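Novice: Which chain is which? The protein sequence lines are A and B, in order.
At position 185 of the first sequence the residue is numbered 504 (this note's numbering), and the sequence of numbers has no breaks.
At position 5 of the second sequence the residue is numbered 23 (this note's numbering), and the sequence of numbers has no breaks.
These are calculated hints, taken from the structure and not from any lab test.
Each hint should be verified, as a subset may be incorrect.
Stated by the list, open to error - No more than 20 Å apart at the CA atoms, straight line, and that leaves these computed lysine to aspartate or glutamate pairs for EDC-like:
1. B:126 to A:428
2. A:440 to A:476
3. B:126 to A:361
4. A:604 to A:656
5. A:427 to B:127
6. A:324 to A:476
7. A:363 to B:127
8. B:126 to B:199
9. A:363 to A:505
10. A:512 to A:361
11. A:440 to B:170
12. A:440 to B:199
13. A:363 to B:130
14. A:440 to A:331
15. A:604 to A:659
16. A:604 to A:563
17. A:604 to A:583
18. A:440 to A:403
19. A:448 to B:170
20. A:604 to A:660
21. A:427 to B:130
22. A:439 to B:115
23. A:440 to A:382
24. A:427 to B:115
25. A:427 to A:381
26. A:439 to B:170
None of the values given here were measured: they were computed from a predicted structure.
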Amino acid sequence: MPPIKAVAVACDMVTPYGWGIDPCWQALLDGKTALGPFSRFDTKSFQTGNAGIIQDLSPDGEESLVMQMLRPLIAGSASAIPQDARVILATTTGEIEIVQQGVLNGRKDVSSGCPDRLLKKVISLCETKASGMVVSSACASSSMAIALGSARIRSGECSSVLVVACDSVSEFVFSGFSSLMALDQDKARPFDKNRSGLSLGEAAGFVLLMSEPRALRESRPIIGEVAGWGLTNDANHMTGPSRDGDGLALAIRKSLQSADTPPEAVGCVSAHGTGTLYNDSMELKAFKQVFGNGTVPVYSIKGGTGHTLGAAGLLETIVAFGSLRSRIVPPTVNLLEVDDDGHGWVSPEPCTFREPVTLTTNSGFGGVNCALVLKRQA
Amino acid sequence: MRSECPFMVGVAGIGWIGQGQYGCVRRELRRACDDMKVLQSHLRDASIFLYPVKHFGRFDSVSRMTCCAVALAMHDAGMPYSRDAKQDMGLLGTNAEGCLQSSLGYFKDYVESGRTLARGNLFIYTLPSSPLAEAAIHFGLCGPLLYMTFPEPGVDQVLRCASSMILNGETSGMVVVKGDEREALCFILVRKDEGGSDGLWNLDDVVKVAREISLFAISDRKENGES
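Pulled out of the complex, with its shape left as it was, chain A reads as follows (with noise of 0.2 Å):
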């Protein structure tokens, strides 16, 4: 008998381009980033004043950043999530404000910063029975709960997920990415010979994962399938990636074999690309590994959208559905000066692709890896 097929029917996103995917997916293939100068707190002591921000969100509103990201998302679809659908949520600072207001104002409760009970609001939200998770992995929390979700649905332990993703700019994240000097003192140029390091970004969104035989019975629209996964982890270093690209081309490879599909009907690839020496370096290593010499075009949001961390994966996944859609891979946004290792591989321009099959990797701290291989029929 043949495996169940998990299929995202839903999905929204909100992003430093603003609220909802089209506007994300046009700035993209028009070259355009949303990174720029900030004012939600003073940067002058750090590498720089530049991020992705969404304009509309409070720093001093009632609700947290992150929820002031998901209210509205989730509002908006509300109708569209079953109750019975278990929430994972991926994150990986969540409501950091009640933290940083716990040092700063003496704020009692700081637990109620804690994970899970972010997770208790947001199952509130979306008024669903089941029951939920938070899933944190570094910047590969998102890809990893959409590989969850669609390991559960797959095994037929349930037939519907909704993976919701968030995380914001704080003062908390910023002041530790600049002590470790990871940040481009202008915009990131992932995959660029010149690049110097990430910009920060936030955004939060959700992918409703369905069993593909319940999705057809509801008549729900089919956005595309899940279809394998691969985690690893390089069990290398705390912060940097392993320089040969060993454990993200492991991952890989699982994904593939996990979806039964050889490299060759990859038809392009998302990058975690988040524009450091080192990320941007061990990637194209590892896809050299396994693609060989046959060379697959690469691209990455994160030039456009900043490095949205908990969220990358979820925002690079719909993004990759769009890309599918339309079979036009987005250009990479501030590629100047293409890396000596990147030639053939990533470009500034968009180009098309014909094989209905899209591959995601996102990588983290801690040495984290998760390949997500996407398909959609034309």
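Given the coordinates of chain A, assemble chain B onto it according to the supplied hints.
Specialist: What follows is chain B alone, placed relative to chain A:
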């Protein structure tokens, strides 16, 4: 799907650390350690750590407890490990607070330094998955690595998630850790041939054992709001 799976999941080892003591369940080892700050050297002297943990002094307290608990569970399982010869085994962690104390510590340090200079070595522990990553590096475990928590966290939920990952073919084994600054419980889950005893414990039995370990029975009751 599951009925077609050619193997099951068994528990090869369980290690635990509580108030002033630590142990291995299958080996029925229980030892006192009045000063938990010297736990690592206790475990090294007892050859439970096969080699020194690099940068152990820089770890946050959850990472220290996690590494020690994993060492005890590996010892309980009689499982060799090496930083250089990596094995396809993942890590799944849970606790009630995530990395709350390390996050507070990092930000307090940053604020006290005038909000101009943060310390990267404190920042890296402000992810709930960081203690697992430290353990992965030391023990050479290159399978899936993730932190999970639930509205009502319990060890049985993470055991079942880890078991599913093995049954689904995502990895050949999982290390499951429930740990915070004060106590930790760690399980080694591996594939088990269907019908064979393999000397492994069944997951359901282990969930009962976990509840019977007194320190965790206390923790679970507190988390579930029982008196």
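Novice: Decide, hint by hint, whether the structure agrees.
Specialist: Hints and how they fare:
In summary, the hint linking residue 126 of chain B to residue 428 of chain A is supported, as the alpha carbons are separated by about 16 Å, within the 20 Å threshold. Among the hinted pairs, residue 440 of chain A with residue 476 of chain A is inconsistent with the structure: their alpha-carbon atoms are about 24 Å apart, more than 20 Å. This hinted pair checks out: residue 126 of chain B and residue 361 of chain A have alpha carbons roughly 17 Å apart, not beyond 20 Å. Between the alpha carbons of residue 604 of chain A and residue 656 of chain A the distance comes to roughly 18 Å, so the proposed pair stays at or under 20 Å and holds.
With a C-alpha separation of about 18 Å, the suggested pairing of residue 427 of chain A with residue 127 of chain B holds against the 20 Å cut-off. Our distance criterion of 20 Å between C-alpha atoms is met by residue 324 of chain A and residue 476 of chain A, whose separation comes to about 13 Å. Restraint check for residue 363 of chain A and residue 127 of chain B: satisfied, since their Cα atoms lie roughly 18 Å apart, inside the 20 Å limit. Under the criterion of a C-alpha separation no larger than 20 Å, the hint pairing residue 126 of chain B with residue 199 of chain B is consistent with the structure, at around 18 Å.
A distance of roughly 13 Å separates the Cα atoms of residue 363 of chain A and residue 505 of chain A; the hinted pair therefore holds under the 20 Å criterion. For the suggested pair residue 512 of chain A and residue 361 of chain A, the alpha carbons sit about 30 Å apart, so the restraint of at most 20 Å is broken. Of the supplied pair hints, the one linking residue 440 of chain A and residue 170 of chain B holds, its CA atoms being roughly 14 Å apart against a limit of 20 Å. Distance hint between residue 440 of chain A and residue 199 of chain B is unfulfilled; the C-alpha atoms sit about 26 Å from each other, more than 20 Å.
Using a Cα cut-off of 20 Å, the hinted pair residue 363 of chain A and residue 130 of chain B holds, with the two alpha carbons roughly 17 Å apart. Distance hint between residue 440 of chain A and residue 331 of chain A is fulfilled; the C-alpha atoms sit about 18 Å from each other, no more than 20 Å. For the hint pairing residue 604 of chain A with residue 659 of chain A, the CA-to-CA distance comes to about 12 Å; that is within 20 Å, so the pair holds. For a cut-off of 20 Å, the pair hint linking residue 604 of chain A to residue 563 of chain A stands: about 6 Å separates their Cα positions.
Between residue 604 of chain A and residue 583 of chain A the alpha-carbon distance is near 17 Å, which keeps this suggested pair within the 20 Å criterion. Pair hint residue 440 of chain A plus residue 403 of chain A holds up; C-alpha atoms about 17 Å apart against a cutoff of 20 Å. Distance restraint check for residue 448 of chain A and residue 170 of chain B: the Cα-Cα separation of roughly 15 Å lies within the 20 Å cut-off, and the hinted pair is therefore satisfied. Taken as a hint, the residue 604 of chain A and residue 660 of chain A pair is honoured in the structure, with Cα atoms around 8 Å apart against an allowance of 20 Å.
Restraint check for residue 427 of chain A and residue 130 of chain B: the C-alpha separation of about 19 Å stays at or below 20 Å, so the hint holds. A C-alpha spacing of about 14 Å is found between residue 439 of chain A and residue 115 of chain B, which places the hinted pair at or below 20 Å, so the restraint holds. For the suggested pair residue 440 of chain A and residue 382 of chain A, the alpha carbons sit about 11 Å apart, so the restraint of at most 20 Å is met. Between residue 427 of chain A and residue 115 of chain B the alpha-carbon distance is near 15 Å, which keeps this suggested pair within the 20 Å criterion.
At roughly 17 Å between alpha-carbon atoms, residue 427 of chain A and residue 381 of chain A fall within 20 Å of each other, so this suggested pair holds. For the proposed pair residue 439 of chain A and residue 170 of chain B, the alpha carbon gap of about 10 Å is at most 20 Å, so the pair holds.
When the structure is compared with the earlier hints, violations turn up for hints 2, 10, 12 and for no others.
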